[in-house]
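Using the sequences and the accompanying hints, generate a full structural model.
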Amino acid sequence: ELLYWLDRARRDLMVQNPGHSGATRGTFSIRSPNRPNPIGTAEVTLEGREGCTLLVRGLDCLDGTPLLDVKPARRQLAEIDETGTAGGPRHCVKG
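Numbering (full-length UniProt numbering), first residue to last: 1 to 95.
Honestly, the hints are just simulated from the structure, not real lab data. A virtual CB, placed ideally from N, CA and C, is assigned to each residue, including glycine. There's no promise every hint is true.
Said to hold, decoys possible - Simulated restraints on C-beta separations:
#1 Pro36 with Gly64: 33 to 43 Å
#2 Gln16 with Gly51: 38 to 48 Å
#3 Val15 with Cys52: 33 to 43 Å
The following block contains the structure:
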């Protein structure tokens with residue numbers, strides 16, 4: 001799972017017109033990147049790594065969008081094994 005900052009999204013829109021309905025609605029009732037707290041999240045598939053670059057599939061954001069954090073998928077955190085640890089990657093070392 002990746003957390004990223006929607007740096008080009010507006011943060012001052014509390015009501016919006018989604019366009020397809022013609023009705024004005026509250027920001028949190030529609031799927032829009034324009035939010036007061038523009039943190040995006042995406043569960044992606046790791047396809048590979050080239051040095052410090054992760055190659056992923058399933059990310060829907062613009063090139064150059066700042067990455068905040070890389071986390072194990074939430075479903076992996078729910079799969080606790082008999083040793084009491086979550087499945088998936090154990091650690092990541094930047095080198």
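Could you tell me which of the numbered hints above are not met by this structure, giving the numbers in increasing order? Violated: hint 1 alone.
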